[in-house]
Amino acid sequence: KNQVEQSPQSLIILEGKNCTLQCNYTVSPFSNLRWYKQDTGRGPVSLTIMTFSENTKSNGRYTATLDADTKQSSLHITASQLSDSASYICVVSPSNDYKLSFGAGTTVTVRA
Amino acid sequence: GAGVSQTPSNKVTEKGKYVELRCDPISGHTALYWYRQSLGQGPEFLIYFQGTGAADDSGLPNDRFFAVRPEGSVSTLKIQRTERGDSAVYLCASSLKGGSTDTQYFGPGTRLTVL
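If you read the sequences in order, they're chains A and B.
Heads up, the first sequence is in this note's numbering, so the first residue is 1 and it goes up one at a time.
Heads up, the second sequence is in this note's numbering, so the first residue is 113 and it goes up one at a time.
The set of hints was computed from the structure by calculation and includes no laboratory data.
Predicted model only: the values in this text are computed from it and were never measured.
Glycine is no exception: its CB is placed at the ideal position from the N, C-alpha and C atoms.
Be aware that a few hints might be false.
[Said to hold, decoys possible] Listing some non-contacts, in silico: residues in chain A with all C-beta distances to chain B over 10 Å: (1) 24; (2) 31; (3) 69; (4) 86; (5) 89; (6) 93; (7) 100; (8) 107.
[Unchecked claim] Partner residues are not named here, just some residues of chain B that face chain A (Cβ under 8 Å, in silico): (9) 140; (10) 143; (11) 153; (12) 154; (13) 155; (14) 157; (15) 200; (16) 203; (17) 210; (18) 211; (19) 213; (20) 215; (21) 216; (22) 218.
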């Protein structure tokens with residue numbers, strides 16, 4: 001069973017609207033959690049990184065939250081733009097291990 | 113270079129053929145990773161290099177897959193006797209030292225199609 005589960009699998013939003021993506025994980029012990037953005041045909045690019053002691057981290061219009069107690073994270077996209085259309089992948093790093101646990105991603109489509 | 117580069121960007125081959133996929137990591141990065149990504153899925157770990165040595169090759173699916181990094185920089189992923197199930201995007205990533213706190217920087221991937 002995948003240790004990182006993301007929802008929804010995909011979503012469509014209108015330009016200018018907000019959306020929130022969810023990530024639940026069971027990876028333990030836990031070092032950090034990252035959200036990556038992957039444009040079609042490109043490699044993933046790191047958006048945010050949070051350790052267990054951080055509750056929120058922002059990168060422009062992207063805001064990630066983390067609840068290490070419930071092992072949940074979210075990525076909120078504010079005032080979406082067409083360029084936000086991509087797959088967003090939740091990635092969890094276990095402590096003292098280089099092996100990352102990847103979610104399957106949420107595909108976001110922003111329409112004009 | 114400024115980022116991780118991979119060549120070719122696309123590779124179409126016939127079942128049974130041999131293919132090589134190349135990865136140029138960020139200069140100075142000692143850690144290099146290969147992943148395989150199927151459509152609609154997150155990347156799946158294949159192999160991790162620390163310098164010239166394969167520190168962990170537990171993700172390689174079978175002995176048809178092999179990877180080298182002879183000088184601790186460029187790496188080549190080699191697939192023998194390709195099968196249709198090998199079709200996927202092969203991603204390479206590098207990080208400065210390796211370890212859980214290092215950010216892995218990904219290349220654009222090589223899309224392999226086995227006919």
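The hints, checked one at a time:
no., hint, verdict
1, 24, "holds (14 Å)"
2, 31, "violated (4 Å)"
3, 69, "holds (20 Å)"
4, 86, "holds (13 Å)"
5, 89, "violated (5 Å)"
6, 93, "violated (4 Å)"
7, 100, "violated (7 Å)"
8, 107, "violated (8 Å)"
9, 140, "violated (17 Å)"
10, 143, "holds (7 Å)"
11, 153, "holds (5 Å)"
12, 154, "holds (3 Å)"
13, 155, "holds (5 Å)"
14, 157, "holds (6 Å)"
15, 200, "violated (14 Å)"
16, 203, "holds (6 Å)"
17, 210, "holds (5 Å)"
18, 211, "holds (6 Å)"
19, 213, "holds (6 Å)"
20, 215, "holds (6 Å)"
21, 216, "holds (7 Å)"
22, 218, "holds (3 Å)"
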